[in-house]
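Engineer: One-letter residues, chain by chain:
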Amino acid sequence: MDFTLSDEQLMVAAAARTLLSDICGPDHWHRLMHDGRAFDPARWAALVENGLTAVLMPETAGGMGLAELDFALVAIEAGYAALPEPLTDSAGVAMPMLAQLAPGHALLADPAAIIALAPAINPWVAAADVASAIMVERDGRALLVRRDDATLTPVETIDPLRRLFRLEFARAEDLGPADWDLALDRAALFAAAQGLGLAQRSVDLAVAYARDRMQFGKPIGSYQAVKHHLASAQVGIEFARPVVIAAAADCPSRDIYARARISEAKLVALDAADSAARAAIQVHGAMGYSWEVDVHLFLKRALALTNAWGTPHFHRQRVAARVFTRPTGPDTTFARDPLENETPHA
Amino acid sequence: MRLAYTPEQIAFRAEVRAWMQAHVPATPLEHYDATRAGFEAHRAWEATLKSADWGMVTWPVEYGGRGLDLIQWLIFEEEYYRAGAPGRVNQNGIFLFGPTLMEFGSPEQKARFLPPMASGAEIWAQAWSEPQAGSDLAGIRATARRDGDDYVLNGHKIWSSRAVFADWAFGLFREPGSERHKGTSLIVFPLTAPGVTRNPIRKINGHVGFAEILLEDVRVPAFNRIGDDGQGWHICMATAGFERGLMLRSPARYQVAAGALAALWQARKSGADISGSSEIYPLDPALEADVIRAHINADAYALSIYQTASRLIAGAKIGPEASTNKIFWSEMDIHLHRTALAILGPEAELIVPPGAHDWLDDYIFSLAGPIYAGSNEIQRNIIAERMLGLPR
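Chains as they are written, first to last, in our numbering: chain A, 1 to 346; chain B, 1 to 392.
By construction, these hints were calculated from the structure, which means they are not laboratory data.
Not one of these hints is a red herring.
Residues of chain A clear of chain B, computed beta-carbon distances all greater than 12 Å:
hint: 1; residue: Thr-18
hint: 2; residue: Leu-19
hint: 3; residue: Met-33
hint: 4; residue: Glu-49
hint: 5; residue: Ala-61
hint: 6; residue: Met-64
hint: 7; residue: His-105
hint: 8; residue: Asp-110
hint: 9; residue: Pro-111
hint: 10; residue: Arg-138
hint: 11; residue: Glu-168
hint: 12; residue: Arg-171
Restraint ranges, calculated between C-beta atoms of paired labels, are given here:
hint: 13; chain 1: B; residue 1: Ile-364; chain 2: A; residue 2: Asp-181; range: 38 to 48 Å
hint: 14; chain 1: B; residue 1: Lys-269; chain 2: A; residue 2: Pro-312; range: 17 to 27 Å
hint: 15; chain 1: A; residue 1: Arg-326; chain 2: B; residue 2: Gly-355; range: 25 to 35 Å
hint: 16; chain 1: B; residue 1: Ser-270; chain 2: A; residue 2: Asp-110; range: 50 to 60 Å
hint: 17; chain 1: B; residue 1: Gly-315; chain 2: A; residue 2: Arg-326; range: 31 to 41 Å
hint: 18; chain 1: B; residue 1: Glu-62; chain 2: A; residue 2: Pro-26; range: 56 to 66 Å
hint: 19; chain 1: B; residue 1: Ser-178; chain 2: A; residue 2: Gln-224; range: 23 to 33 Å
hint: 20; chain 1: A; residue 1: Gly-36; chain 2: B; residue 2: Ala-314; range: 44 to 54 Å
hint: 21; chain 1: A; residue 1: Arg-336; chain 2: B; residue 2: Ala-44; range: 36 to 46 Å
hint: 22; chain 1: A; residue 1: Asp-139; chain 2: B; residue 2: Gly-315; range: 48 to 58 Å
hint: 23; chain 1: A; residue 1: Leu-167; chain 2: B; residue 2: Ile-10; range: 44 to 54 Å
hint: 24; chain 1: A; residue 1: Gln-224; chain 2: B; residue 2: Asp-69; range: 37 to 47 Å
hint: 25; chain 1: A; residue 1: Arg-326; chain 2: B; residue 2: Asp-69; range: 22 to 32 Å
In silico SDA-like cross-links for lysine to any residue, where the CA-CA straight-line distance does not exceed 25 Å:
hint: 26; chain 1: B; residue 1: Lys-269; chain 2: A; residue 2: Ala-320
hint: 27; chain 1: A; residue 1: Lys-218; chain 2: B; residue 2: Pro-391
hint: 28; chain 1: B; residue 1: Lys-317; chain 2: A; residue 2: Ser-232
hint: 29; chain 1: B; residue 1: Lys-269; chain 2: B; residue 2: Ile-334
hint: 30; chain 1: B; residue 1: Lys-269; chain 2: A; residue 2: Pro-327
hint: 31; chain 1: B; residue 1: Lys-317; chain 2: A; residue 2: Met-1
hint: 32; chain 1: B; residue 1: Lys-269; chain 2: A; residue 2: Phe-314
hint: 33; chain 1: B; residue 1: Lys-317; chain 2: A; residue 2: Asp-2
hint: 34; chain 1: B; residue 1: Lys-269; chain 2: A; residue 2: Thr-325
hint: 35; chain 1: B; residue 1: Lys-317; chain 2: A; residue 2: Gln-9
hint: 36; chain 1: A; residue 1: Lys-218; chain 2: B; residue 2: Leu-388
hint: 37; chain 1: A; residue 1: Lys-218; chain 2: B; residue 2: Arg-392
hint: 38; chain 1: B; residue 1: Lys-269; chain 2: A; residue 2: Ala-321
hint: 39; chain 1: B; residue 1: Lys-317; chain 2: A; residue 2: Leu-5
Even for Gly, the Cβ is constructed at its ideal location relative to N, Cα and C.
Just chain A, same shape as in the assembly (with noise of 0.2 Å):
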């Protein structure tokens, strides 16, 4: 039993961290709002460079083939920097999903390429515009419709950095039966992933701001009322944490423990995410109601990823699955299904 991150995944982390605080700051989401536009070109290519988008690819694509335990603590880092481009759902999801159903395809060529994902779960195809090609869930089986063969209609989302359509094709490629459970599971954890950084940018805005702003001659912040709402922020984000990392160590199992615990993540992290943006705000008094502050990025971004790649009631009934039907208690936390654990899947 080891519940510690290995020193590389400490510094996979601390790179990401540092990538993304040098691209994808305060003055860089200012830029694209005002240009209306939540894709950076540029930004993409950094990601791409720096390696960020090879963590999950199997080697064989040219990938690092690492696991989703070190792309989700990459995810963490995309959350806390508000990341607009479809890191998460193209480089920790479509890619390695292509990978596994046609090894050769011309796409895995580029590594820029960046896949947007149309699951039946979600009612709307995100980044689907930058993308060269959605991958569409269809009875089971994987569709690929690229870009061109697509009809995208806008639906404008309150998140300023994010882009959702709705998506019409007339032609696709079938890629045969695919694992879409696995597709499910990684996006919902790595949804959860920037769900914590999400809540610690929130905490962390709105503690510099509570660190100078005065009232009554003393930095907010010395005000108890002031300080319990951070501190319960924080309490939501430590204890999301280690669900988080221990869904994503956990992932790779698939089985029924597997899947509640990334449900649980999800829940948890997102809330968290929800209830320190809102504690931020409130912190901010009225300058946290203008779009001047960017905490409202947070909350928006906090209520797209809750809804996102199932409904917290979905996640429920996913934890409840597992409650309900599997042995409780404190001999449990580490419990595996062995029948399912080494089913192979479609």
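Here the structure of chain A is known, so what remains is to put chain B in place on it, guided by the hints.
Structural biologist: The following block gives chain B in isolation, referenced to the frame of chain A:
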């Protein structure tokens, strides 16, 4: 990162499970705070644990423990709660004063106090709070006046758990005339010493488990001072760290309760009558979300403690994030038990017969969680100031 037990850890779990199965009393003991008989039954259980070296598993072997690491401690606790073993009447000693003594006590003090603590021969109470010094502990007024080789203790301590029946207390006292954090010392005294009066305080569940302690010219040898003269505040803060940290509340406790809650929900949903009552009333289906939430909370707490245990084994030190633990478990405990009472509906208020799952008493107990061991308001101040860096 390896979230699986080693063969040695699995074997250790089996060893604990077998011993618990053979030794845990078949019928629950009367609560240690309820009566002297209940208290003594729990003292006897401590001796039984000690007889097989299961008393203080994390203590070093030289002090009567097994020197186990924190993962083994978690496994032990999981099996302990799984078996429904009795509460630890000496937890003030085992988890608070014992570790304090190991860190700050002299070899002679360790030799004097640790063995009887380990066997349950001496049960400990904490004597820190005073009527005018609760959250503001530095406001204590109780004094320890040096008189030759003795200290003479005077003052009024209160909210001392177990103190009605316990044998010894570790108290915070100040040099007469000193102020605030200065001039304080940690001094232990027998609760049976001349000049000590213990007045039981009835709790909202009806038990008399805590007490006020009046000290009038209580004479103890200078040997009873733990650490240096004037070091009391520093030592108490270290003890409070243990208290808020890992060991005050085992994750296993909440995992057992969350499992029982899931079972209660399923039984009620299926119409089974598990309480002996024949009353039928409609269940609110929305409560299932809270049942699931209770499971998730207990799981999150367990994972967090495993994470902390792994970090400490790898050489890290516990920091102010320990304050998040206390807030999390205390609030989860209340949520869990409120959910149980909501499921029980009209039966929630009924006093349950001995031996039945006492959701009501556990609920009442959970309400103390945000208050004792440093109120949650104080913990939030600590988090805000020491973790987040907000100004004092």
